[in-house]
Amino acid sequence: MLVVTEREQLPVQQARDGKPEAWNILFQRYQLPLYVYVFELVHQEQTSLDVVQETFIAAVRHIGGLRDNTKFGSWLFGIAHQKCIQRWRKQAREEILLEEIPDVPGESENSPDDLLIRQEQEAEFMQRLNQLPLPQRSVLLLHFVEDFSIEEIATITGANPGTVKSRMHYAKRTLKKMLEEKK
Amino acid sequence: MKTPRDILFARHQTIAPKLDTIRHGVVNVEFVREGRRVAVPKYRVAGTATLPLLIWRELILPCRRIWTGLAAVWILIFAVNLLQRDPSEFMARKVSSPTPEMISAFRQQQRLLAELIGQNEMRTAEPRKTFLPRPHTELGDRILTT
Chain Z
0 MLVVTEREQL PVQQARDGKP EAWNILFQRY QLPLYVYVFE LVHQEQTSLD VVQETFIAAV
60 RHIGGLRDNT KFGSWLFGIA HQKCIQRWRK QAREEILLEE IPDVPGESEN SPDDLLIRQE
120 QEAEFMQRLN QLPLPQRSVL LLHFVEDFSI EEIATITGAN PGTVKSRMHY AKRTLKKMLE
180 EKK
Chain G
54 MKTPRDILFA RHQTIAPKLD TIRHGVVNVE FVREGRRVAV PKYRVAGTAT LPLLIWRELI
114 LPCRRIWTGL AAVWILIFAV NLLQRDPSEF MARKVSSPTP EMISAFRQQQ RLLAELIGQN
174 EMRTAEPRKT FLPRPHTELG DRILTT
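Protein sequences appear in the order of chains Z and G. Each residue of the first sequence is one higher than the last, beginning at 0 in this note's numbering. Each residue of the second sequence is one higher than the last, beginning at 54 in this note's numbering.
Don't read these hints as lab results, they were simulated from the structure. Glycine included, each C-beta is placed from N, C-alpha and C at the ideal position. Among the hints, erroneous ones may be present.
Unchecked claim - Straight-line C-alpha distance at most 20 Å; calculated PhoX-like pairs for lysine-lysine: (1) Z:Lys70 x Z:Lys82; (2) G:Lys71 x Z:Lys175; (3) Z:Lys70 x Z:Lys18; (4) Z:Lys176 x G:Lys55; (5) G:Lys55 x Z:Lys171.
Unchecked claim - Partial list, computed: chain Z residues near chain G (C-beta under 8 Å): (6) Trp22; (7) Ile24; (8) Tyr34; (9) Phe124.
As the list claims (entries may be wrong) - Going by beta-carbon spacing under 10 Å, a handful of chain Z positions derived as facing chain G: (10) Gln30; (11) Tyr36; (12) Leu174.
Full structure from sequences and hints, please.
Given below as structure tokens:
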């Protein structure tokens, strides 16, 4: 199982120095989380693989744009997110992203593990997750997959933290309700 | 009980080999491109490629759509140019060299024309008679004498 807290020990500086081995380690660490995130947004295997590849290429070419080495993960997910948006724009489906929901008064950040799913609920969980509006799904996936903070998710998605918080709240509430109904 | 992360990752574990291929590909290609490794394309290694073949491979083949487009544009320009040409000019080029009869007829016509023009010139060359009014006294004398 992937350990998310290892983020700070990644060889980002060596990658900046142009060492291919460092890039290999970084990509190995993020390839599956990135793919999971992209796939659960676009639901097409080939498109998801293309986006992951394009993200890796962009990362190698634009590593100079990364200000803080400890933010490498959120920076990489930010590139992938932008690639997804570019594809949606090409397909003229950006209106999906315009969906907005009202802000929620300050709610403490929860752990992605506070939502536990029984084996018989897995299929139902995935189905409900895919039924969520895209902005909510995107926020929730980033929370589940990499346990990014609200600020990091806001940076990745280009939304403000308040919006991210409210999206997270409504998405989690919908999923929890579903799981409680099924108990 | 599983966390959402466990479920999501378990669902996509089978994609790992494809992701490994992508990772290796990106790392290799990107560092070859930036010259940090020396890599020679296959067709150059062969050493059998002649100059026209190399031109075809490196200049024509990668941009074959652009070349096809350019060729089409040139054909179109040529066709339009051909259609817009004056047909009389085109026919004039087709006329064969004049026969001796034609030349003699032409010379005769030229002579006639020269004569006509000559007569005309004589007519026009006559000085114009200017009207000079005479004094009435002089006119009166002439009437009287007649």
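Interface hint for Z:Tyr36, Cβ within 10 Å of any Cβ on chain G:
Nearest chain G Cβ about 9 Å off; hint holds.
Hint validity - Z:Trp22 Cβ closer than 8 Å to any chain G Cβ
Holds: closest Cβ of chain G sits about 5 Å from Z:Trp22, inside 8 Å.
Let's test the interface hint: is any C-beta of chain G closer than 8 Å to that of Z:Phe124?
holds (6 Å)
Restraint check for Z:Lys176 with G:Lys55, where alpha carbons must lie at most 20 Å apart:
holds (17 Å)
For the pair we were handed, Z:Lys70 and Z:Lys18, check the Cα-Cα distance against 20 Å.
Given pair Z:Lys70, Z:Lys18 holds - Cα atoms ~19 Å apart, limit 20 Å.
Pair hint outcome, G:Lys71 versus Z:Lys175 [Cα-Cα no greater than 20 Å]:
violated (34 Å)
If you take the shortest Cβ to Cβ gap from Z:Leu174 to chain G, is it below 10 Å?
holds (8 Å)
Does Z:Ile24 pass the interface check with chain G, least Cβ-Cβ distance below 8 Å?
violated (10 Å)
Would you check whether Z:Gln30 satisfies its interface hint, that is, whether its CB is within less than 10 Å of any CB in chain G?
Hint holds; Z:Gln30 Cβ to chain G Cβ min 4 Å, cut 10 Å.
Does Z:Lys82 sit within 20 Å of Z:Lys70, going by the straight-line distance between their CA atoms?
holds (19 Å)
Minimum Cβ distance from Z:Tyr34 to chain G below 8 Å?
holds (6 Å)
Pair hint outcome, G:Lys55 versus Z:Lys171 [Cα-Cα no greater than 20 Å]
Since the Cα atoms of G:Lys55 and Z:Lys171 sit roughly 16 Å apart, the hinted pair holds (cutoff 20 Å).
The earlier numbered hints that this structure contradicts are 2 and 7.
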